[in-house]
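> With the sequences and hints as input, model every part of the structure.
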Amino acid sequence: MNVRLVVNGVPYDVEVPPRRLLSDCLRHDLRLTGTHVGCEHGVCGACTVLLDGRPVRSCLLLAVSVDGLEITTVEGLAHNGELSPVQQAFADCHGLQCGFCTPGFLTTITAGLRENPDPTEDEAREMIAGNLCRCTGYQNIVAAVMKAARP
Amino acid sequence: MTKMFGAPIPRREDRRFLTGGAAFLDDLGHDALAVALVRSPHAHARVVDIDVSGALDVDGLIAIYTYDDLTGALAEPLPLLIPHPALTHGRTAHALARDEVNHVGEPVAMVVAKDRYLAEDAAERIAVTYEPLPAVVGIEAARHADHLVHDDVPGNVAANYTQAYGDVDAAIASAPHRLSLDLAVERSASTPLETRGVLAEWDTESARLRVWSSTQTATGLRAAIAAKLGLDLTNVEVITPDIGGGFGVKIVHPWPEELLVPMAARALGRPVKFTEDRAEHFVAAAHERAQLHHVEVGFDDEGRILGLDVRFWHDHGAYTPYGLIVPIVTSTQLLGPYKPGAYRVEFDSLYTNTVIVTPYRGAGRPQGAFVMERTVDAIARDLGLDRAAVREANFIQPDEMPFDFGLTFQDGRPLRYDSGDYPATLEKLKKLVGWDSFEAVREAARAEGRRVGIGLACYVEGTGVGPYEGGHVLIETSGKVKVATGLTTQGQGHQTVFAQIVADELGVPISDVEVVTGDTRRFPYAVGTFASRAAVMSGSAIALAARNVREKALRVAADALEADTEDLEIVEGVVRVKGNPGAEIALGTVAVLSNPLRYAFDEASQAATQFVVGDPGKPPVADDDEPGLEGRDYYSPPHATFANGMHAVIVETDPDTAEIRILKYAVVHDCGKLINPRIVEGQIHGGVAQGVGGALYERMAYDEDGQLQNASFMDFLMPYVTEVPRGIDIDHLETPSPLNPLGVKGAGEAGVIPSAAVFASAIEDAEGIPITSMPISPSELFELRETATSARTDSRRHSEDQR
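Top line first, the protein sequences correspond to chains B and E.
FYI, in our numbering the residues of the first sequence are 258 to 408.
FYI, in our numbering the residues of the second sequence are 180 to 982.
In short, the hints are calculated from the structure, not lab data.
All C-beta atoms in this analysis are idealised placements derived from N, C-alpha and C, irrespective of residue type, glycine included.
Per label pair, the in silico range of CB-to-CB distance:
1. Q888/E / P268/B: 39 to 49 Å
2. H298/B / G906/E: 27 to 37 Å
3. E962/E / T377/B: 28 to 38 Å
4. P374/B / A626/E: 34 to 44 Å
5. Y269/B / E748/E: 53 to 63 Å
6. G409/E / H298/B: 32 to 42 Å
Distance condition first, Cα-Cα at most 30 Å in a straight line; then the derived DSBU-like pairs of lysine-lysine:
7. K852/E / K661/E
8. K843/E / K404/B
9. K404/B / K182/E
10. K757/E / K659/E
11. K607/E / K852/E
12. K182/E / K731/E
Laid out in structure tokens, this is it:
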């Protein structure tokens, strides 16, 4: 099937089988490999992308189901080579180690801060409570959310 | 120049991870053929027949392999990587099952197709006929040996091993007090967010193989592939891309897929890739932790341990590719910071029809710490003494270092602690957590109807085991410094910490230093990343290599500046004569001068041709010299260096629901000199979180048939942010190691080691019920309460009856 995806502002026309996952389409058809797949059943959150601005698990969506929609992946967060406030806060706070789960956190938090630009620490924890990280123990990720909100 | 060693600088590798520019294994090889494995659905069965005919018409199918397609060394069992004299009945699997499967998930056939979807379609249509056999699941069943995992291994025992010093029987028999304990730890697993994966390309014309793998050892894998595929080592390259966590599981090599994928790439002449999915990772990678312990201990009135006798049973799963490393680590590191008067430890390493057990962060130490710390707590309870005081009474003192137990550690070297100050560590921890004022906290909570408890636990960790690592440092004519070491990186920040070391050693800006790890093309001699060894081993080797380069740079610069090397310093990448401004030469220019040229290709090289450089009466490169400004060196330690630490936790247990909440978590940690405190603290945070998982949530729920009931992230409960402590208070000691040039000790595993012990201690303190098995869930704690209540009622009835 032919699908039109608008990813990070760029339109792509792509021919995919109906069963192709959005995560696989982004990664292997469009070669935007910043979106990672950690569990393929929607629990870890590594594959989170923004669909019309809202965070979704791209491993739980079929590419054909998002025809015509706007998608933001981690590759679309920086502007003109400048890190977004969330990305910069992760670097400043040592919010990543192996970096595999990081894109899902970055997209989740980007959307979360749009909805709640000035979170309390409890709200910051709530914001990331659906994403798994096996390296950092989350301490510095929480710090990064707070810092991104108040750079 | 600001000193980089010891500075908490931000990581230099972060940008690519933050922008989607990193390259993990599955980010490579988009056009490669894809692999799917047919895996055993049975824990124990004979493979009677494999019928592939149903798969042959699947669109996009390229090839199907079964055991019968394996030839030469590839048809032999997989390597037993770490043999040991006590491992009398070691067994390893075949890359594809030959006639028997011994755990759910064992690979039986491999499909290669145009993409993974099609490969899975074909795999589903391969019909394997099995004759199921009785499954041996759990340590009790293995020990009982009603059924055998391997017909030729009596009692399911792969190894029985004892180490001892002193006369433990006499010491316990003559002790004023004696206790015995039975303790248990269940299975968990490394569970990195990135699963395993391997990509191989065969170059038909040059007969060379290039392999990318998400492995913790590029050089080990390279040697294994060469041996198993019958290739010359020089014709095999292994490259590690960015790796999404390892925590031990990726040190196992070669995984079946790491041989089968290169085999297929060579046979088909096309790139082939395997990316493991999450369900596969649960049943086809490795687990750890499960052990049962029986302890007999004799002690005096102050709680000093006079004799400690430990008998334990270790579940190593279906095969023993990684030898006895985990139980040997348990049996030696169990001792922690203490010096029992006499000690004996004996273990059986047992086969079960479950996934193999190989090191997971901590590698047998969490179990050892759990057993030792439970024992010390039991002694304190028995004598009515403060738990911290009993620990103090048993500590090895700083003036007893180096302390040699007379036992052999996992590396075959003496168990010999090099340095550490345990009393000072405990002092810091007591302050950090508020140990001495906790009774007031308990009373205040009790007044509110709340139940709280405090626990502490100590550990010593042998880190930085040999045999060796190496480093290569090259200064280019641009002044850029290229550093390579052979071991691999899974998120530890090596591109930052190794650059910090080099920047200081050479006197160059850190922005000029670039570090490459885990690429056999850049550095072919290495061991791997495990046992908290990277900073100790490669850090030291890189420092030594940088010192060689510095020495040569000063020699060449001294010639050019007509000065003595002693009068030179290197600042910001420029060699200059101290106190003589203007008399200086950039390191890049020194690199130019160190390589006499015949051909000039730019202005810099014009200055270095053999026609303008050097004494025309002598050879352009002296007999004992080499062209270029580079150095290579190796670090090989006499034995491991022993880091230590202590954790304390305050928990609240809900009187009704038995929910366990963490109120405070404190860590005091001594890993010698800190290269980058920010990165070390990050390692501790991550270790503590994994420890929380291991203590309160994570277990591998096998049923009696050997089916893993919770093989998904839905059911295997890794901590989210909601489960980890809100804030971890950390304090450091820096007791340098005398064994290496940097004075460093390993830090990677530390955070996870005392977790089961410290939570058991705190929950027991809150509840007043002995905690002898970890992990512990709210429902298990609830059960323990019920049992304890009915036991109390029974004993009251009993004493009333007697009256």
